[in-house]
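Asks: Work out the full structure: start from the sequences and follow the hints.
Residues per chain, in single letters:
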Amino acid sequence: EAGVVQSPRYKIIEKKQPVAFWCNPISGHNTLYWYLQNLGQGPELLIRYENEEAVDDSQLPKDRFSAERLKGVDSTLKIQPAELGDSAVYLCASSLSYRDEQYFGPGTRLTVT
Amino acid sequence: DAKTTQPNSMESNEEEPVHLPCNHSTISGTDYIHWYRQLPSQGPEYVIHGLTSNVNNRMASLAIAEDRKSSTLILHRATLRDAAVYYCILRRTTSGTYKYIFGTGTRLKVLA
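Top line first, the protein sequences correspond to chains D and W. Taking our numbering, the leading residue of the first sequence gets 11, the next gets one more, and so forth. Taking our numbering, the leading residue of the second sequence gets 3, the next gets one more, and so forth.
Heads up, some of the hints might be wrong.
[Claimed, not checked] No farther apart than 30 angstroms at their CA atoms in a straight line, the calculated lysine-lysine pairs in the DSSO-like style are these:
| no. | chain 1 | residue 1 | chain 2 | residue 2 |
| --- | --- | --- | --- | --- |
| 1 | W | Lys101 | D | Lys88 |
| 2 | W | Lys101 | D | Lys21 |
| 3 | W | Lys5 | D | Lys72 |
| 4 | D | Lys81 | W | Lys101 |
| 5 | D | Lys72 | W | Lys101 |
| 6 | W | Lys101 | W | Lys5 |
Keep in mind that the hints were calculated from the coordinates and are not lab data.
Replies: So, in C-alpha cells, the structure goes:
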C-alpha cells in the first residue's frame with residue numbers, strides 16, 4: 011500500500027515569493043492534516059480536513075497561508091508571500107477518521123532566503 | 003494545556019531493552035497517551051497508544067502508571083533502526099474532536 015505522498019521534497023525560494031506544497035493521502039483516508047515542524051521541535055497542527063471540509067484551521071496564519079482539498083482527496087498548502095520565518099518542514103498526514111492513527115508523509119523542507 | 007515532559011536524549015546498547023519515560027501530570031480522564039517516532043528525514047510514525055491499561059504490540063509495549071500521570075514506552079530489544087526521536091503525545095478531545103499536542107521528544111541513540 012502506498013503511503014502519504016508529498017511533493018516537492020525540498021524547496022528553496024526567496025522571501026516574498028509564493029510557494030505551494032502538494033499532498034496525496036492514503037487511499038480511503040477521509041481525514042487529512044497539515045503540520046509545521048520547526049528544527050528541533052515536534053510537529054504543530056496547521057489545519058485538519060474531514061473530506062473536503064476544513065474543520066480545524068485555528069492555527070493556520072490566514073493572512074498568508076491557504077489550503078484546499080478539492081474532491082476530498084489531494085490537498086495543497088500555499089504560502090503567499092513567504093517570509094524568512096516560514097523556513098521549516100511541512101508535513102502532511104492522513105487517517106481513516108479523526109479517531110484513528112495518523113500516517114505521515116516525508117514532508118517538504120522549505121528554505122526561504 | 004496537554005503537555006508532556008520527556009528527557010531530551012537517551013542512549014541504549016543494541017539488543018538491550020530501552021525504557022523511554024514520559025510525564026503527563028496534567029492528563030485528564032479522557033486523554034489517550036500516544037507514542038510516535040520520527041526517523042531521520044521522515045515523518046513521524048505511529049508506535050502505540052493506550053488509555054489506562056498496559057498495551058503491547060509488535061513494535062513496543064506501553065506501561066501506564068496507575069494514576070496516569072506518567073507512562074513508559076518499552077522497546078524490548080533495541081536495534082540500530084530504532085534510533086529516532088520518540089514523541090509522547092496526549093490526544094485531547096477539544097470541541098468534539100481530537101488534537102495531538104507534540105512535545106520536543108526524546109532522541110534515542112542506539113550503540114552498536
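Asks: State for each hint whether it applies.
Replies: Each hint, compared with the structure:
no.: 1; hint: W:Lys101 - D:Lys88; verdict: holds, 23 angstroms
no.: 2; hint: W:Lys101 - D:Lys21; verdict: holds, 28 angstroms
no.: 3; hint: W:Lys5 - D:Lys72; verdict: holds, 26 angstroms
no.: 4; hint: D:Lys81 - W:Lys101; verdict: holds, 24 angstroms
no.: 5; hint: D:Lys72 - W:Lys101; verdict: holds, 20 angstroms
no.: 6; hint: W:Lys101 - W:Lys5; verdict: holds, 12 angstroms
Hint compliance for this structure: no hint is broken.
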